[in-house]
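Novice: Protein chains in written order, with the numbering used here: chain A, -13 to 247; chain B, 3 to 269; chain C, 52 to 379.
Quick caveat, the hints were computed from the structure, so don't treat them as lab data. Any given hint might turn out to be false.
[What the hints assert, rightly or not] Restraint ranges, calculated between C-beta atoms of paired labels, are given here:
| id | chain 1 | residue 1 | chain 2 | residue 2 | range |
| --- | --- | --- | --- | --- | --- |
| 1 | C | 93 | A | 167 | 17 to 23 Å |
| 2 | B | 82 | A | 184 | 34 to 40 Å |
| 3 | B | 93 | C | 362 | 46 to 52 Å |
[Said to hold, decoys possible] Taking beta-carbon pairs under 10 Å as the criterion, some of the chain A residues facing chain B (in silico):
| id | residue |
| --- | --- |
| 4 | 106 |
| 5 | 119 |
| 6 | 167 |
| 7 | 187 |
Virtual Cβ for every residue (Gly too), placed ideally from N, Cα, C.
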Amino acid sequence: MTIAKYIKIWWLMSRNSFSMVISQRLSFSVFLLGKVLRFSFFFAFLYFLLQGTKTLAGYTSSEAIFFFLVFNLIDVISQFLFREVYRFRPLIIKGDFDYVLVKPVNALFRVLMGGADVIDLITIPPLIFVAYYIGHSLSPTFAQSLGFWILFLNGLLIATAFHISVLALGIITTEVDHTVMIYRDLTSLGRFPTDIYKQPLQGFITYIIPVGIMITLPAKALMGLVAPAGIIAAVAIGIIALLASLKFWNFALTKYTSASS
Amino acid sequence: MNKYLSIFKISFQQEFAYKVSFVMWRFRNMIQIFVAFFLWDKIFENPGRIVFGYDRSKILTYVFAIIIVRALVLSARAADVAGDVAQGELSNYLIKPMNYFKYWFTRDMSSKILNISFAFFEFIILYLILRPPLFFQQNILIILAFLVSIVIAIMIYFYMLFIVSSVPFWAPELGWGSHFLVTIILIEFLSGALFPIDILPAGIGQVVMSLPFPYLIYFPVQVYLGNITGALLVKGLLISSIWLVILGISMKYVWSKGLKVYEGVGR
Amino acid sequence: MDKAIIVDHLVKNFEVNVKEPGLTGAIRSLIKPLKKAVHALRGVSFSIQTGELVGFIGPNGAGKTTTLKTLSGLLFPTSGFVEVLEHDPWERKPEFLKQISLVMGQKNQLWWDLPAIETFELNKAIYEIPTREYEENLNELTTLLEIKKHVNTPVRKLSLGQRMRMELIASLLHKPKVLFLDEPTIGLDVVAQQKVRDFIYEYNKKYQATIILTSHNMDDLINLARRVIVIDEGKILFDGALEELVSRYAKEKIIKATLSSEDNIKDLDKIGKIKKLAFPEVVISVPRSATAVAAAELLQNFAVDDLTIEEVPIEDVIRKVFRGELRK
């Protein structure tokens, strides 16, 4: 019953943001164009780079490109699901978050997932197709594919934890836009396999802010470079991150001051 | 002139009022430097390696030079103009006895000075952490040419921002979208802030070099590094000057048209 | 009668960053922000019966809105006890939230670019209102508020008054038993104010709904609230009937007289403070305890045709409350 209710609410909210987006067709096309351009530019850069260098940190051309594709997939899927996070700041500043809290629907659900981004609905399918194509060319075994899928979902879990923390921080500091951008900058370190970074940065982005576990590890699993113990450890970190972020969210709510009128 | 000095001062303080924004913006710049640095550092792990005509010392100097050139060229407040236009706040300025373009140029200058002083510290800190082999230019003439190219870059960027910010005159909802497309996507990739343009295949590289974007970052940095000299230097300065004039005229034209629309709507 | 709301020794403190002036101040606050505790509520206690309509009044920043927000579960109380409909609001249990509603005149829950009906549909799903009931309620509310024909207009194209009425509908579709109204008529024109006011009155009567109302609008309070609670600086100064507020706090009474001649008219100010003098009418305000003496003196020394003694108008007392003049 409750799950059905939440699916229905999600559907209604996504439909609402869809009708708003298509009412601004021009803006929609500009953003779509921007996203496609960004992807193609970076792809081209990577391609030309590897034309010259042949390998990157010991990875072949298609392997390096596969890392980049996994980064994009996780990035785009979490943007598709968690678009509402980008609209959280006005909600806090104007105090309209009050209306979210007084409703009998989980407030976190509402501000995290209320309204999927339609633009990404267009970009996700071709991305999946290309990732599948390149991934397939790496000829993984069944176990390697399985490892990839487990760690890929785990990566989305960590992305969720990140977004929840951003929201919680937003309640305490009324600052959202910059933390989201920093989150995105940090994850964009994962456009390349994290092996290229030197210590201690590499350790930092692998364990403290688990960009490596979130993006690099799934791709590595597909290439058969992750032991089963590594997969278990990664999933444990993912679950801990999610639980910690939920705790942080609940703490942040007690600090909510509600913009006074 | 005094008037603009006051604007300069108040703008400087304004940046401090939004200290979180400022610190975050610097932090983000640092992350981008990290990505570029480590990428190239890895590729040139072997000190003797030469790819795309670069050796380790030159490519890492390129990355470090970006810190300073970015702060000088790409820190500007004029991106806020689009918001002024879209929300109709432009009127508050138009009724005041000052030049709107000079107003924003002054604010850009204060932003640049603040950013460059922070960039200077970051440069030192990053240098101490990463210890890259750096190359310091000693030829006065080259440094002079570098400074000229920086001035041109600053002006080109200023005109670009104003042209982009005029989009909301006709389509108010596109204020942020057009900035996203031009300043975040096009400039980020085509200015050379992420990678030097000459790693691209010759044909594509030539097309890019005929656009105004590489004259924001890539060209000044290459001039400093002494990679562009003689006839190529003159050619580059010529192309960027032509762009400067074209963009300047376009901006004046677009704004005179836009202001008519603005007044017509009565926003 | 049972109690819908119980509040006992409620305390709420906020911590705020203090901005220091000037450039050096800005740099200092970058390194070490100056924090200041704000005591929004300092031990507030009251209870409200089911079906009561109570007005909260007090100057700006007195703690009215903080109280409402704590009662609806938005703010975490620093200490003290709060119970609404036998629930702890802070837990925000769905079965509690389904019975209450919060309406804020300055905030907005409608989807700005879409017709209001889309928000209503969404609330239907959120509050799990059965379709039949939803249709009935929507029909009733749109009729009562006379806004039926606008439900399919995008919200941004509505006037402020129309939008406020839509906000009310969105907040009431689930027929809440307890209603918190924070400045529901702010910014509305006189006609729209009256519509909203009539509606609140009707809703309270028809459904025996418990309503707490804060307002800076005199007419809201006088027409709607039988009982008022005066809050200032986070404390309750008065809790009782509106008329009682006047007799308790008005230190003066008003003598109105009609004179038959202008003799000695200059000496009138010896009786008390002259509020109005437009022969033959005169209005004098005198200290409450000296009313009888003043009236007698007036009758003795002046040619009086008619004389009445009245309480100070409610508006004057409430105005004093808003200015925070009740503290002393």
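Novice: Against each hint, give a clear statement of whether it holds in the structure.
Specialist: Verification of the supplied hints:
A hinted range of 17 to 23 Å for the beta carbons of residue 93 of chain C and residue 167 of chain A is inconsistent with their spacing of about 41 Å. Take residue 82 of chain B and residue 184 of chain A: their Cβ atoms lie about 38 Å apart, and the range 34 to 40 Å holds. Taken as a hint, the range 46 to 52 Å holds for the pair residue 93 of chain B and residue 362 of chain C, whose Cβ atoms sit roughly 51 Å apart. The interface hint given for residue 106 of chain A is violated, since its Cβ lies 15 Å from the closest Cβ of chain B, which is over the 10 Å cut-off.
Hint status for residue 119 of chain A relative to chain B: violated, with the closest Cβ pair at about 24 Å, above 10 Å. For residue 167 of chain A, the interface hint holds, the least distance from its beta-carbon to any beta-carbon of chain B being 6 Å, beneath 10 Å. The closest approach between the C-beta of residue 187 of chain A and any C-beta of chain B is roughly 7 Å, which is under the 10 Å cut-off, so the hint is satisfied.
Of the numbered hints listed earlier, those contradicted by the structure are 1, 4 and 5.
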